[in-house]
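Number of protein chains: 2
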Amino acid sequence: MNISIVKIGGNVIDDPEKLEEFLALFARLEGKKILVHGGGVMASKFGESLGIKPKMVDGRRITDAETLDVVTMVYAGLINKKIVAQLQEFRQNAMGFTGADGNLIRSSKRPIGKIDYGFVGDVKEVNTDLLDLLLAEDIVPVISAITHDKKGNLLNTNADTIASEIATSMAKKHMVKLYFCFNKAGVLIDEHNDDSVVPRINEEIYEELKKDNVIHSGMIPKLDNAFAALQKGVSNVWLGKAENLLLAAKGKKSGTNIERHKYDLY
Amino acid sequence: MNISIVKIGGNVIDDPEKLEEFLALFARLEGKKILVHGGGVMASKFGESLGIKPKMVDGRRITDAETLDVVTMVYAGLINKKIVAQLQEFRQNAMGFTGADGNLIRSSKRPIGKIDYGFVGDVKEVNTDLLDLLLAEDIVPVISAITHDKKGNLLNTNADTIASEIATSMAKKHMVKLYFCFNKAGVLIDEHNDDSVVPRINEEIYEELKKDNVIHSGMIPKLDNAFAALQKGVSNVWLGKAENLLLAAKGKKSGTNIERHKYDLY
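Protein chains in written order, with the working numbering: chain A, 1 to 266; chain B, 1 to 266.
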């Protein structure tokens, strides 16, 4: 089957009005679909109101035990359930998940290297049989960025990575399109100008843009995830604003389409 | 099929050690099963640490918008996901739910009468097809005490009521046993003495014990739920301590077995 996997980021999630607009669009996206969400900004705000300061290294959250509790409450509780309830109103049979639910995503705690990330999981296995079962029933899985190690531990996991891992796992049997919705119009030549979108990018262009420091910091793991997904069989990867999701799905000009090396096309 | 529906209360949920012991027992319960949980005490504590005072009338929580957020975070996030992850460790394919997920439990907001309960839902419909599908796959649904109105709203709902409503809905097609685990050894003649358990109770005895004020306050809605379930086709209802769940399941002496009127037996 054809499956769309859509990842939304904090800029949409943190704004109830934007979120509702996005979910109305997402509801109109045709065919089988899966939604993946993070919620980092809201978790940070909420943690702070409990006196827990967010701890970040290189844009990654350090997850100690109390931060894990906050993340679990905010991602799997508040955000996930609000999205599910709203999609139900829009006649989508949404069902919320963490990786622990139905053993959907098994991960292993990241080994301590230079940095101890704490309760952070690296994805090991996606339960594609479960997703097949749910999608066949026209259920829309809504997946929050938490996994588990099957040893009783929940683990915080990057939402882009989860979207990418689900996409590549499902691509073994299905035709998968992956949409990363974020706060910019796509890959930009001038990061402050939404009109400077690069409409198509491949690995050669990516390397050049990194060398010239046009692409840097948070965009790098995002694009690495995108290219990894393409290399593992995902048909299309798109990057852009949530409000342009339907344009992208219809192949109209918007955002950045990510493509593989030319030599991979042979 | 035969289905066990088990409800656990705050006294187990609030104590990580007790919870783990209970979940190890629950994992050993044979056959198809569903777990229902509340978590009111933890939600109250947590709300207070955010400066939100619990508002109660007649033992029922008044749920304003900020309390609903807290309840959603604590029930559907923290508690539900910890239970699911722990059960996964015990080789149970647990999957967490609110009533919004997969439209599992649709409710309607309680009309404002003498008391305005706020965002509280009265159960209207249980999606038994979804439960049938999951149980057939050996999935163990873990259901937190939140429902939805299919109009985008989450609604706080009494966990005993949810257990009872699921039991009666599933009893239309299946043989259902309902277990209420709580902080006492069963229905007690002397509420401070766990040795004073009434081993069997029917509606006549219930009416007498209410008249004599032996059964009062929080026990009344609990037993009302139990009798309602029996009247609607549930095979057995049991009330007792979580640690005696397996004894009860094996028909050994423990807790209180709830039975219908004598005249219903003809």
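Warning: the hint list may mix true and false statements.
Which copy? The list can't say, so a pair holds if one copy fits it or any two copies do.
Claimed, not checked - Calculated cross-link-like contacts (lysine to aspartate or glutamate; reagent style EDC-like; alpha-carbon spacing at most 16 angstroms):
(1) Lys114 <-> Asp14
(2) Lys151 <-> Glu89
(3) Lys109 <-> Asp149
(4) Lys253 <-> Asp129
(5) Lys252 <-> Glu208
(6) Lys232 <-> Glu191
(7) Lys172 <-> Glu48
(8) Lys150 <-> Glu20
(9) Lys151 <-> Glu20
No wet-lab data here; the hints were simulated from the structure.
For each hint, the structure was consulted:
Proximity of Lys114 and Asp14 under a CA criterion of 16 angstroms is satisfied in neither setting, with 32 angstroms inside one chain copy and 36 angstroms between copies. In this assembly of identical chains, Lys151 and Glu89 lie within 16 angstroms of each other by CA distance solely across copies; the values are 5 angstroms between and 36 angstroms within a copy. Taking the closest pair of Cα atoms, Lys109 and Asp149 come within 16 angstroms of each other only inside a single copy of the chain (7 angstroms); across copies the shortest separation is 38 angstroms, beyond that limit. For the homomeric pair Lys253 and Asp129, neither the shortest alpha-carbon distance inside one copy (34 angstroms) nor that between copies (42 angstroms) is at most 16 angstroms.
Taking identical chains as interchangeable, the C-alpha atoms of Lys252 and Glu208 are never at most 16 angstroms apart, the minima being 26 angstroms within one chain and 73 angstroms between chains. Taking identical chains as interchangeable, the C-alpha atoms of Lys232 and Glu191 are never at most 16 angstroms apart, the minima being 29 angstroms within one chain and 63 angstroms between chains. When the C-alpha separation of Lys172 and Glu48 is checked against a cutoff of 16 angstroms, the pair qualifies neither within a copy, at 42 angstroms, nor between copies, at 48 angstroms. Taking CA atoms no more than 16 angstroms apart as the test, Lys150 paired with Glu20 passes between copies only; the shortest distance there is 15 angstroms, against 34 angstroms inside one copy.
With identical chains, the CA atoms of Lys151 and Glu20 are at most 16 angstroms apart between copies only, with a shortest distance of 13 angstroms across copies and 36 angstroms within one.
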